Amino acid sequence: MQVSARNALKGTVKNIIVGSVNTEVTIEVAPGVEVTAIITKSSAENLKLTEGKEVYAIVKSSDVIIAVD
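Whatever position you read off the sequence shown (first residue = 1), add 48 for my numbering.
I should point out that these hints are in silico values taken from the structure, not numbers from a laboratory.
From a predicted model like this one, the values you see are computed outputs, not experimental measurements.
Hints are supplied without guarantee of correctness; some may be wrong.
Unchecked claim - Restricting the straight-line Cα-Cα distance to at most 20 Å, the calculated cross-link-like pairs of lysine to aspartate or glutamate (DMTMM-like) are:
(1) K62 - D111
(2) K58 - E72
(3) K89 - E72
(4) K101 - E82
(5) K89 - D117
(6) K96 - D117
(7) K101 - D111
(8) K108 - E82
(9) K62 - E72
(10) K96 - E72
(11) K62 - E82
Unchecked claim - The calculated label-pair distances, taken between Cβ atoms and stated as ranges, are:
(12) T60 - N94: 13 to 23 Å
(13) V103 - G67: 11 to 21 Å
(14) I87 - R54: 17 to 27 Å
(15) V116 - V66: 32 to 42 Å
Every residue gets a Cβ at the ideal spot worked out from N, C-alpha and C, and that includes glycine.
Modelling step: build the complete structure from the supplied sequences, incorporating the hints.
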């Protein structure tokens with residue numbers, strides 16, 4: 049796999065919640081560190097996502113905003 053995005057986090061699918069249109073996928077990228085993505089239900093099916101499968105969370109964004117209280 050080659051991708052131009054610089055933020056590719058390898059991890060394991062921890063949880064999948066399938067909705068009528070979208071699917072919520074939680075990926076554990078390090079012990080106790082998770083990334084959650086909302087993708088279309090058809091994309092999740094095409095990727096054959098299952099809990100325990102190794103995947104990449106690829107973050108493509110023009111801005112990262114950091115806030116504190």
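We went through each hint and held it up to the structure:
no.	hint	in the structure
1	K62 - D111	27 Å, violated
2	K58 - E72	17 Å, holds
3	K89 - E72	9 Å, holds
4	K101 - E82	14 Å, holds
5	K89 - D117	36 Å, violated
6	K96 - D117	40 Å, violated
7	K101 - D111	29 Å, violated
8	K108 - E82	17 Å, holds
9	K62 - E72	11 Å, holds
10	K96 - E72	14 Å, holds
11	K62 - E82	9 Å, holds
12	T60 - N94: 13 to 23 Å	19 Å, holds
13	V103 - G67: 11 to 21 Å	19 Å, holds
14	I87 - R54: 17 to 27 Å	20 Å, holds
15	V116 - V66: 32 to 42 Å	35 Å, holds
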